[in-house]
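Trainee: Chain by chain, the residues:
Number of protein chains: 2
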Amino acid sequence: MAKQKKTPRPKAQTPKGFRDYFGAEVTRRAAMLEAIARIYHHYGFDALDSSAVETVEALGKFLPDVERPNAGVFAWQEDEGEKPGDWLALRYDLTAPLARVYAQHKEDLPTPYRRYAMGPVWRNEKPGPGRFRQFYQCDADTIGAPSVAADAEICAMLADCLETVGIARGDYVVRVNNRKVLNGVLEVMGLEDQGQRDAVLRTIDKFDKVGAEGVRQLLGKGRLDASGAYIDGVGLGSAQAEPVIAFLTSKGADTAATLANLRAAVAGSQTGAEGVDELEEIAALVAAQGYGADRIEIDPSVVRGLGYYTGPVFEAELTFEILDEDGQKRQFGSVAGGGRYDDLVKRFTGQAVPATGVSIGVDRLLAALAARGQGAAEAAAAGPVVVTVMDRARMADYQAMVGELRAAGIRAEVYLGNPKNFGNQLKYADKRGSPVAIIEGADEQAAGVVQIKDLVLGARIAESATLEEWKERPSQFEVPRDQMVAKVREILAGSAS
Amino acid sequence: MAKQKKTPRPKAQTPKGFRDYFGAEVTRRAAMLEAIARIYHHYGFDALDSSAVETVEALGKFLPDVERPNAGVFAWQEDEGEKPGDWLALRYDLTAPLARVYAQHKEDLPTPYRRYAMGPVWRNEKPGPGRFRQFYQCDADTIGAPSVAADAEICAMLADCLETVGIARGDYVVRVNNRKVLNGVLEVMGLEDQGQRDAVLRTIDKFDKVGAEGVRQLLGKGRLDASGAYIDGVGLGSAQAEPVIAFLTSKGADTAATLANLRAAVAGSQTGAEGVDELEEIAALVAAQGYGADRIEIDPSVVRGLGYYTGPVFEAELTFEILDEDGQKRQFGSVAGGGRYDDLVKRFTGQAVPATGVSIGVDRLLAALAARGQGAAEAAAAGPVVVTVMDRARMADYQAMVGELRAAGIRAEVYLGNPKNFGNQLKYADKRGSPVAIIEGADEQAAGVVQIKDLVLGARIAESATLEEWKERPSQFEVPRDQMVAKVREILAGSAS
Numbered sequence: 028m029a030k031q032k033k034t035p036r037p038k039a040q041t042p043k044g045f046r047d048y049f050g051a052e053v054t055r056r057a058a059m060l061e062a063i064a065r066i067y068h069h070y071g072f073d074a075l076d077s078s079a080v081e082t083v084e085a086l087g088k089f090l091p092d093v094e095r096p097n098a099g100v101f102a103w104q105e106d107e108g109e110k111p112g113d114w115l116a117l118r119y120d121l122t123a124p125l126a127r128v129y130a131q132h133k134e135d136l137p138t139p140y141r142r143y144a145m146g147p148v149w150r151n152e153k154p155g156p157g158r159f160r161q162f163y164q165c166d167a168d169t170i171g172a173p174s175v176a177a178d179a180e181i182c183a184m185l186a187d188c189l190e191t192v193g194i195a196r197g198d199y200v201v202r203v204n205n206r207k208v209l210n211g212v213l214e215v216m217g218l219e220d221q222g223q224r225d226a227v228l229r230t231i232d233k234f235d236k237v238g239a240e241g242v243r244q245l246l247g248k249g250r251l252d253a254s255g256a257y258i259d260g261v262g263l264g265s266a267q268a269e270p271v272i273a274f275l276t277s278k279g280a281d282t283a284a285t286l287a288n289l290r291a292a293v294a295g296s297q298t299g300a301e302g303v304d305e306l307e308e309i310a311a312l313v314a315a316q317g318y319g320a321d322r323i324e325i326d327p328s329v330v331r332g333l334g335y336y337t338g339p340v341f342e343a344e345l346t347f348e349i350l351d352e353d354g355q356k357r358q359f360g361s362v363a364g365g366g367r368y369d370d371l372v373k374r375f376t377g378q379a380v381p382a383t384g385v386s387i388g389v390d391r392l393l394a395a396l397a398a399r400g401q402g403a404a405e406a407a408a409a410g411p412v413v414v415t416v417m418d419r420a421r422m423a424d425y426q427a428m429v430g431e432l433r434a435a436g437i438r439a440e441v442y443l444g445n446p447k448n449f450g451n452q453l454k455y456a457d458k459r460g461s462p463v464a465i466i467e468g469a470d471e472q473a474a475g476v477v478q479i480k481d482l483v484l485g486a487r488i489a490e491s492a493t494l495e496e497w498k499e500r501p502s503q504f505e506v507p508r509d510q511m512v513a514k515v516r517e518i519l520a521g522s523a524s
Numbered sequence: 028m029a030k031q032k033k034t035p036r037p038k039a040q041t042p043k044g045f046r047d048y049f050g051a052e053v054t055r056r057a058a059m060l061e062a063i064a065r066i067y068h069h070y071g072f073d074a075l076d077s078s079a080v081e082t083v084e085a086l087g088k089f090l091p092d093v094e095r096p097n098a099g100v101f102a103w104q105e106d107e108g109e110k111p112g113d114w115l116a117l118r119y120d121l122t123a124p125l126a127r128v129y130a131q132h133k134e135d136l137p138t139p140y141r142r143y144a145m146g147p148v149w150r151n152e153k154p155g156p157g158r159f160r161q162f163y164q165c166d167a168d169t170i171g172a173p174s175v176a177a178d179a180e181i182c183a184m185l186a187d188c189l190e191t192v193g194i195a196r197g198d199y200v201v202r203v204n205n206r207k208v209l210n211g212v213l214e215v216m217g218l219e220d221q222g223q224r225d226a227v228l229r230t231i232d233k234f235d236k237v238g239a240e241g242v243r244q245l246l247g248k249g250r251l252d253a254s255g256a257y258i259d260g261v262g263l264g265s266a267q268a269e270p271v272i273a274f275l276t277s278k279g280a281d282t283a284a285t286l287a288n289l290r291a292a293v294a295g296s297q298t299g300a301e302g303v304d305e306l307e308e309i310a311a312l313v314a315a316q317g318y319g320a321d322r323i324e325i326d327p328s329v330v331r332g333l334g335y336y337t338g339p340v341f342e343a344e345l346t347f348e349i350l351d352e353d354g355q356k357r358q359f360g361s362v363a364g365g366g367r368y369d370d371l372v373k374r375f376t377g378q379a380v381p382a383t384g385v386s387i388g389v390d391r392l393l394a395a396l397a398a399r400g401q402g403a404a405e406a407a408a409a410g411p412v413v414v415t416v417m418d419r420a421r422m423a424d425y426q427a428m429v430g431e432l433r434a435a436g437i438r439a440e441v442y443l444g445n446p447k448n449f450g451n452q453l454k455y456a457d458k459r460g461s462p463v464a465i466i467e468g469a470d471e472q473a474a475g476v477v478q479i480k481d482l483v484l485g486a487r488i489a490e491s492a493t494l495e496e497w498k499e500r501p502s503q504f505e506v507p508r509d510q511m512v513a514k515v516r517e518i519l520a521g522s523a524s
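Note that the protein sequences, when read in sequence, are chains B and R.
For the first sequence, my numbering begins at 28 and goes up steadily by one.
For the second sequence, my numbering begins at 28 and goes up steadily by one.
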């Protein structure tokens, strides 16, 4: 008889660049998304849950002649029998789908359309440490509102969101810049050539890293970078480059001074003046609502996304310091960004529709809170009370106990593994992070009592107690059966404080 | 000059079989998922958010020799340059990923592992009316607990979940059956041939539709179905088929009677007796926790999934009647199902691991609540208060108004479209389902008052008022500016009642 071919066992692994999230990682993210959604909703934004799968055509960004359009996205072709099917792909952000949704449903949607959305997005990129190919975004956008009042509203809402999830006032700042001011600068410089303009934009994007002097060099002849490589410059004369530097470094002592510096930097440009007016209007609107420059400030050094957006640009930064992987102190940095973009809907309809929005990086925000130790306390106390099983035949009694505990609002469960080895039950409670274990054997039942083990206190004692103290087991109490719930509640209240 | 080739505009459409969800559709589902998660968590289940993308190998169910393994799932091949990449796919349920997660992380997970998960799953199926290729599941499973106490716990939890989301006691029942009892029946029948056993299983799955007499015919010679087609039978003698009928119709006046009937039906089979013992134990456990047969009942006529599961099987059914598309009354039917399965983890590790779980069909449950008119009231009152713009230059004042309203816990926004046409502002408020609009023009400002328009009352009046009543405009009030928030709150309290 032929030897039967054995199918090898499948590997139990996530695909490269994907991961799973467990327990408190999930509930903390869900709580954060819910808190942000509540703010968005309160501001009049409506929820949208668009399909995770889009046609590649609707997502755009892909060359029509590429056989397999999967650069950057996860894409596949529909199998429709004879004729070639559509190419579909997972969304890579929440903005491209919004443009599609608005173009598709605009007759039924109000104008302006304020919407919020949250959920996973997928990027087909090389994964790296801490870089995953699936992550969460949490966006709010306003479509069809040309006024910068819409931008101001989003900045104020962003500040509210950060405070709601636990970032204290003073620990963040929403910085606002404007692409139109930069366009004004380019106009003043007399840069007509699109290639040169693009090169200047790319250079400005490096301001974060190389500073004013670095940008000056890169706009001119070039620069030796930290790795020793020489980066060719744009080739502008030093006088011609000055307006860019003036723009980037125009932040003054207060908003009025900054705006005055910007006006000087774009003197003579209509577009530039318009951009400065917009920033002034945004500053006035948020100030009228009580958001001072300590929370929302005009800052021309914000360059991230300046090339992508068409008007105001905003970025939320956390200003406190954390220790990085190398133990070095550094500012935590950006956790949200956005701005005004006017061309996304036009792709579909041919008509430009003004739009502005923000995207909050929920995973980064969670990391920031974790780095400050916030949220750790709840996570530690989050395990269920475990009712142990001393006599398998009395399962119904143990179930009644967890029923009572749950009815009192206490997270509780009965041990459902093999109860033979009692040590395993306590190990299980430990692994679950249980604050309390309940024990009721035959003796206890006969006496009408239960044993209650305070596992949080027990762990503390185990760390520091002497043998004598340990033997006294002050972390275990015997209470009448009908006082079980009250005693557990008392212990939980104590360990939470 | 050659004519430039114009790229055609992309179509603004979801892919076939996908859809978007708006506003209350999203928030009601989110609220339902959150309510169910709270119950799961309360029972000691831990959250798991596994990757939406899995390797096809880990998902299983696919033939290794198929070039493109996309039957039933959305799959694509990783692009890894020279060597052929892994096939990846979107998860089609939450159970297959759980098996992979457990096999991958079992050293770090407690045993038993209780986990809950919720999120979209994707099926590459032919879309139809009301059938979508992306939908939500909401599951709870216990891995590593051989005792049927785990199954009983899930049945009780399922009942709690239904009541929490708004299904009244009496409007649902969780029915429980057991595959082992059925196996006992097949043993008693002396059916050794696997082909015949499978044919009997498939026939039993039709009991829902064809009833006892239909099953009797299909187990025998065959049956003329409603369409006029003749369906060949399994070919059993009528005496041989009787135990199956006895099993399916063994429901008695109470649990004890049902169990007695089942014991008779499987008399002589060890497996069958074990199955009846398990049902008896489940009934006793849930009864001890106060779940009577009006909520959780042993019902041998539950056949859905009986072929798939290996032990207890449960199904939650809504028992109230709704009107279907044809205006006919019918029972709403199943909204959740689950059972015990022991082989999923074995695929990865070679070791059988007991597991049991339930999946709640959130979209069906939402449809059920909608069919009863539940949740409609909140949806109607969910629009924001709209502060209209009478003078564009006074945007900061209007923003201050919405700021005050929000601070009082009231959802509010300023109109951000072009304010020129005031009628458009009210049309907008109408489209948003706004309960109230605020108006403050130059006259009002000078007098220190605002106009408050009760749009809910206004709509009611518009429906039924005479011209005289309409002219009196009793749905519009003038109040001092500093009483705006109080008056709005009063109107909202009135229209909610």
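Heads up, some of the hints might be wrong.
When chains are identical, the list treats them as one kind, so a pair holds in a single copy or across two.
Derived BS3-like pairs (lysine-lysine); straight-line CA-CA distance at most 25 angstroms [as the list claims (entries may be wrong)]:
(1) K356 / K43
(2) K373 / K43
(3) K356 / K110
(4) K38 / K447
(5) K43 / K278
(6) K447 / K133
(7) K514 / K233
(8) K236 / K514
(9) K133 / K43
(10) K356 / K38
(11) K110 / K153
(12) K110 / K43
(13) K458 / K373
(14) K373 / K236
Don't read these hints as lab results, they were simulated from the structure.
Trainee: Hint numbers the structure violates, sorted upward?
Mentor: 1, 3, 4, 5, 7, 8, 10 and 14
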